[in-house]
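Engineer: Letter by letter, the chains look like this.
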Amino acid sequence: MSHKLRQIISSVQPEGINQGWSRKSCKMMKFMLLFSRQGKVRLQKWFYAVGDKERKKITRELVSIVLLRKPKMCNFLDWKDFKIVYKRYASLFFCCAVEDSDNELLTLEVIHRYVEILDKYFGSVCELDIIFNFEKAYFILDEFLLAGEIQEPSKNRVLRAVENADALQEENQEAEATRSILEEFGLS
Amino acid sequence: MPVPNRLRDLIRNIRSCKTAADERSIIQKECADIRNGFREEDSQFRCRNVAKVLYIYMLGYPSHFGQLEALKLIVSSKFTDKRIGYLGAMLLLDEHREVHLLMTNSLKNDMENSSQYVQSLALCTLGNVCSTEMARDLAPDVEKLMKNANAYVKKKAILCACRIVRKVPEMMENFIPLAKPLLADKNHGVMLATVSLITEMCRKNPSMCTSFKKLVSTLVRILKNLIMAGYSPEHDVNGISDPFLQVHIIQLMKILGQNDGDSSEAMNDILAQVATNTETSKNVGNAILYETVLTIMDIKSESGLRVLAVNILGRFLLNTDKNIRYVALNSLLKTVHTDMNAVQRHRTTVLDCLKDPDPSILRRAMELCFALINSTNIRGTVRELISFLSRCPVEFKSDCSSGIFLAAEKFSPNTRWHIDTMLKVLTTAGNYVRDDAVPNLIHLLSATDKMHSYASQKLYMALIEGSDFSQQPLIQVASWCLGEYGDELISGPPDGELITVKEDEVLVLLDRILKSSVTNSVTKAYAINAVMKLSVRFPSQRVKAQNIIRLHSVSHNMEIQQRAVEYTALFIKHDVLRSGVLENMPQFEKPSREENGENSEDDDAKPPESEVVIPNSVGQTGSPTQPQSNVDVLMDLVDLGSYATSTYHENNRPITVPGDLDNLLDLGVLSNSDSGSQFPPAPQNINGVPSQHTDSQAGSLQDPAEFSAFDKSGLKISFFFERDPSSNILNILLSARNTTDTSFTDFVFQAAVPKSFELQMLPPSGSVLAANSSNSVNQKIKITNPNHVQPRIRMRITYNCREENIVEMGEFNRFPLYTWQ
Chain D
1 MSHKLRQIIS SVQPEGINQG WSRKSCKMMK FMLLFSRQGK VRLQKWFYAV
51 GDKERKKITR ELVSIVLLRK PKMCNFLDWK DFKIVYKRYA SLFFCCAVED
101 SDNELLTLEV IHRYVEILDK YFGSVCELDI IFNFEKAYFI LDEFLLAGEI
151 QEPSKNRVLR AVENADALQE ENQEAEATRS ILEEFGLS
Chain S
1001 MPVPNRLRDL IRNIRSCKTA ADERSIIQKE CADIRNGFRE EDSQFRCRNV
1051 AKVLYIYMLG YPSHFGQLEA LKLIVSSKFT DKRIGYLGAM LLLDEHREVH
1101 LLMTNSLKND MENSSQYVQS LALCTLGNVC STEMARDLAP DVEKLMKNAN
1151 AYVKKKAILC ACRIVRKVPE MMENFIPLAK PLLADKNHGV MLATVSLITE
1201 MCRKNPSMCT SFKKLVSTLV RILKNLIMAG YSPEHDVNGI SDPFLQVHII
1251 QLMKILGQND GDSSEAMNDI LAQVATNTET SKNVGNAILY ETVLTIMDIK
1301 SESGLRVLAV NILGRFLLNT DKNIRYVALN SLLKTVHTDM NAVQRHRTTV
1351 LDCLKDPDPS ILRRAMELCF ALINSTNIRG TVRELISFLS RCPVEFKSDC
1401 SSGIFLAAEK FSPNTRWHID TMLKVLTTAG NYVRDDAVPN LIHLLSATDK
1451 MHSYASQKLY MALIEGSDFS QQPLIQVASW CLGEYGDELI SGPPDGELIT
1501 VKEDEVLVLL DRILKSSVTN SVTKAYAINA VMKLSVRFPS QRVKAQNIIR
1551 LHSVSHNMEI QQRAVEYTAL FIKHDVLRSG VLENMPQFEK PSREENGENS
1601 EDDDAKPPES EVVIPNSVGQ TGSPTQPQSN VDVLMDLVDL GSYATSTYHE
1651 NNRPITVPGD LDNLLDLGVL SNSDSGSQFP PAPQNINGVP SQHTDSQAGS
1701 LQDPAEFSAF DKSGLKISFF FERDPSSNIL NILLSARNTT DTSFTDFVFQ
1751 AAVPKSFELQ MLPPSGSVLA ANSSNSVNQK IKITNPNHVQ PRIRMRITYN
1801 CREENIVEMG EFNRFPLYTW Q
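If you read the protein sequences in the order shown, they are chains D and S.
Those letters in the first sequence? Residues 1 to 188, by this note's numbering.
Those letters in the second sequence? Residues 1001 to 1821, by this note's numbering.
Derived from the structure by calculation, the hints contain no laboratory data.
Accuracy of the hints is not assured; some may be wrong.
What the hints assert, rightly or not - BS3-like mimics (lysine-lysine), calculated; alpha carbons at most 30 Å apart, straight line: (1) LYS45/D - LYS1018/S; (2) LYS1322/S - LYS57/D; (3) LYS1167/S - LYS1334/S.
Construct all of the structure, not just a fragment, from the sequences and the given hints.
Structural biologist: Okay, here's the thing in structure tokens:
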């Protein structure tokens, strides 16, 4: 840190120009966490390779840091190499890790958009919906974000894709149910 | 085999648990059932079981047994199975697992499935967990899908390409020609994904920017359409048309316009339009403005536009929304180096942000304050920062005090102000002052000879006022000054303002420091040295000083005890030499910043000269007042430990056998061989002192072997390594000799190491290499190697031979295993 300060102070000379951005390697969302006010994880999505132990460690640390923040503070915090953007919706915290050079305000918009889609899908979503249908929450996220990038800017298209896939799943199950009934009667 | 629990029931059961133990037992039982199900190859309920494993995984319990089952689900023909199977693969597997290879085939098949939803599952999984091998295997399939007519599949394929480029940058060649046609697509998802892909390619390979420059006009057109287009329900967010796409395009413009006048000019109008027309009542509008400002400041935009951008930031800074204030500080911090004057205008607002209760904002504001300090505003800014230092959360104190020291070093208007500031920081930040600050400050005090009495009076008063002795750095600096300039403290500064201090009061104060239970051993070491020096500065207090010191010859602290015993011996047996030994230190030179051009990065960080207070690797051996280079060889008497052995290693090699107790005696040997008459024989009782040097040397690996680092045209440079296996620091003792028959002058050795190391070079023992190896220049190099990887050193050597300036370069990487592992 003192080193960083030193750079800031000493790079007032012209050589310092434009170095800040070009060095960054890749820019994307690193992970997204949903957790409750009690610190229970409700959803976690990792967009970069990280081992299980490390995931747990990051989650634990981050949850405790975010829960300690006061409501009036801003929605961003610097944590290790990441910038954390979080927002609380009712009893759930939505928390994303992005690059330092990423647009924090847009990340807030991404979180909000995800909440809106969940809300539309479940019809005024609450924590319980996400607990009991966690896989659905994942499916929705997978239609909205991919590889840490925004995949579809239109709410309706995301919803339509998830609903169509749901329908396909049900068709599948119905066909199966019919088949097993037929089998029972020895009619297959 | 009973029908397994439903997922819903499991969740309900877990939620109804009253205690953590209940939860654990339910989960254990469930896991056992699931494993049984898996073992019996129950394909009917596999999907349900894997879903349960995923829930259990989310609660933080072990879930490895679900990995293979998830893969089995993937190859099932049922969509439900596939959907859960791929979800499981994304959650449970990370790319290091070998099972990953098994997935590649399924992915390949499913990407060609007739259902777009199955294709989507495969692409989604690939995009989120793609490993290097997968990237290589599946890139052609992804490329094919990028040409697919179906926008739903296409956008996913493009983002997969994005991930592939991230993993294996050289694969990007295949995707480059696709970028332009894809950008012409009407579908926003496809456009957005393409912009992300181009951005990623440019980031991974900056030379790509040139080939994508031709797309600038297309980007401008898309952006213009977005702004001009009326309300479109599909992509509207609070009255703004597709902000996600807008921000991404503006981001890409930043990359393409950097250092390119033509592209920048092409973007000028549209950026101005976005900057003036974007509605800012909502967060989303500010997100676009924020990105626009960053782009304007980073490309070669017109000056009018830059003014506009900085004004937007100024407006942001006054916004009531904390988030907006945060991004304002953040972007000012990024632009401060390009547009110092523009940012300077907002200095007062930034200083106000130091009163914010939010640490995220404080951190940015503090950094920005430091960046804004210059010689005209330093007084005011530092005043604010010191008051910030007194009230800020503890995690800021160290950084803040280091920052103030640095800024003062750079811009201080005069030395008196500098010393006052330094003192204020020491008293305000107390023990949060970093260790390296102490030698830096001592150096500063020594170098400004007119201020000695002023400084020591101020420090003395500070000690008297804060009499609880809790602030170690302050006491250390003060003790050093009192010892060194005790006489000037008593006589006062020449321009009046005299505080009357009695000689014995000073000693009483130091005595209290030594006896206090609050002061740490480093501080005590400073204090005992000060007492010793005062015995010369105040001849009338000789007996008192001797008594104080003798008292500590039974100290439980090894370091203090040893010093006390040695000093007592100096009093009793070698009193003639005492005044010579304890003479004033030669004044340090002013730190010159351009000394070591090559390792400038580390250069700033090292204490400017000589004063190495706590050599981490060898415990607390160093005497705080021991000059390393400034030659006062006599001072080595105070330090029998590592310095003596390391600096004179070359001359006395036979005795520095690891662990050899005789080490302690090498002072004696030294005095015989080097400068006999000046030295007394080693005090006898030193052998009786259970010295910690012995321990530390036995513990450290010290190799008597010499490594030739450089040997060219008669100049020979050798390295000796010394390292305590438990620490990250490797000490290199460098010894240079001249085997030619003409002497070399102005010998300078510079070194650089890769970024992952830290380099610190202590000053050399001299700069002249006499002919025929008749002397040697020794220098100590410290390398901090936190990752334990093999170090590399690049060397640059300059010297003068027969009026000719010679520059040599070299590299050394033959570090033996024990020096870094």
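Engineer: A separate judgement is required for each hint: does it hold in the structure or not?
Structural biologist: Verification of the supplied hints:
1. For the proposed pair LYS45/D and LYS1018/S, the alpha carbon gap of about 28 Å is at most 30 Å, so the pair holds.
2. Between LYS1322/S and LYS57/D the CA atoms are separated by roughly 29 Å; this keeps the pair inside 30 Å, and the hint holds.
3. With a C-alpha separation of about 28 Å, the suggested pairing of LYS1167/S with LYS1334/S holds against the 30 Å cut-off.
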